[in-house]
Amino acid sequence: MNPAAPFALVVEDHHEVAESLRRVLEKMGVVAVVAQDGEAALKVMNTQHFDLIVVDILLPRVNGLEVMRAIRQLSHLREVPVIVISCVTDAEAQAQAAAMGAVHYLCKPFEMFEFQAQVERILKPQLMRRPFVASTPPSPDGPAHLPWQPRR
Numbered sequence: 001m002n003p004a005a006p007f008a009l010v011v012e013d014h015h016e017v018a019e020s021l022r023r024v025l026e027k028m029g030v031v032a033v034v035a036q037d038g039e040a041a042l043k044v045m046n047t048q049h050f051d052l053i054v055v056d057i058l059l060p061r062v063n064g065l066e067v068m069r070a071i072r073q074l075s076h077l078r079e080v081p082v083i084v085i086s087c088v089t090d091a092e093a094q095a096q097a098a099a100m101g102a103v104h105y106l107c108k109p110f111e112m113f114e115f116q117a118q119v120e121r122i123l124k125p126q127l128m129r130r131p132f133v134a135s136t137p138p139s140p141d142g143p144a145h146l147p148w149q150p151r152r
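Quick note on this note's numbering: the sequence shown kicks off at 1 and runs consecutively.
Note that these hints are calculated values from the structure, not bench results. Note that the structure is predicted; figures quoted are calculated from it, not measured. Just so you know, not all the hints are guaranteed correct.
[What the hints assert, rightly or not] Taking CB as the label site, the calculated pair distances span: (1) 26 - 90: 29 to 35 Å; (2) 20 - 44: 17 to 23 Å; (3) 31 - 90: 16 to 22 Å; (4) 101 - 33: 17 to 23 Å; (5) 112 - 75: 31 to 37 Å.
The beta carbon of each residue, even a glycine, is placed where N, CA and C say it ideally should be.
Based on the provided sequences and hints, a complete structural model is requested.
Here it is in structure tokens:
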């Protein structure tokens, strides 16, 4: 695990959705953990700092709005950006989430590129600081050289 990588919490009760979000985040260089319900999220939020929290509204035990309320009450998470993902599409729910500090609200079903674009927008500074990893191993014959041509 890269210690400089952004750290995200995904709070989603549907396993397939949670795993899809986690995989997308990890492909982006974000370390992600999943909480399957609001109660599990509250436990992990008390002990960890996150750079991003993704939360569903309709969760078992403790709903997503209660999770957001707890986020804003925890001093180490108060300023953490929250993306809401939900099948609740009415304007009242979206306004309530915005009032509680959500930076974006994605209505299910959504395209994964929409989610990825929001994560990139929010975490761009942290993603830019990732260490460079070469996609191909260095040649045993020394460094590769690109042919040089003078500019005309």
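Structure versus earlier hints, numbers of those that do not hold, lowest first: 3
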